[in-house]
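Colleague: Letter by letter, the chains look like this.
2 protein chains.
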Amino acid sequence: MIPNEKEWSKSEKKIARQAYKAAYNRECKAIMEEVRKMAAETRDSTDLWRLHDYLTEKRKETDEKYDYRYSVLRFVFARLIYEGWMHQEDLEGISEDKLQEILESAEFYAGL
Amino acid sequence: MIPNEKEWSKSEKKIARQAYKAAYNRECKAIMEEVRKMAAETRDSTDLWRLHDYLTEKRKETDEKYDYRYSVLRFVFARLIYEGWMHQEDLEGISEDKLQEILESAEFYAGL
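Chains A and B, in that order, are what the protein sequence lines are.
Residue numbering for the first sequence is 994 to 1105, as defined by the numbering used here.
Residue numbering for the second sequence is 994 to 1105, as defined by the numbering used here.
Pairs of lysine-lysine, DSBU-like flavour, derived with a Cα cap of 30 Å: (1) B:1051 <-> A:1030; (2) B:1014 <-> B:1030; (3) B:1051 <-> A:1053; (4) A:1051 <-> B:1030.
Rough simulated footprint, nothing fancy, chain B against chain A, three-plus residues with beta-carbon under 8 Å: (5) 1024-1033; (6) 1041-1051.
Note that these hints are calculated values from the structure, not bench results.
Computed from a predicted structure; not experimentally measured.
Using N, Cα and C, we set each Cβ at its ideal position, and we do this for glycine too.
Hey, can you work out the whole structure from these sequences and the hints?
Modeller: In structure tokens, the structure reads:
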């Protein structure tokens, strides 16, 4: 278990924060690409509001998903790895037990 | 005054409906163009959510503005003319008194 902030060393916190930001930026970049594609294909008001619906959904989803509380970080990172926004290499430098717990949780997502 | 539906003849209603649709399509087209421009210039998550905010605002604004109840049509059309989404020519065929009332209301908007 990784229950709280105290279990993360200063250097691990730095790595975790960077990995988290990188994942967020990757996901936002993918959303941007989809928005550009949808915007280019927009022909009428229905398409336009569909684009708005897509962005509303993605904003809500990312707001909920990107939660940096240490009490939930294991599950957040596991989901990000499972979804491909975070890479295992991004977490290089955190303790082996934390990494294993994250990867095990990611496998749990894969099995859902 | 143009208080209700009964004062609009069948042919006037057809003209009004077409002018209304044309205005809505023009405004949506302008929003689409702005969205394409913003999407092309989007560099980070801040830009992305700003684009979402813009679309949210425009959707709310158009939802409120495009109101086809005959009791408010004079003011709706006046605003659309003032804002440039509706053209006077679009209303060719409706009675002179209705047109004058709409144009006078549009001038009222211009004076605000």
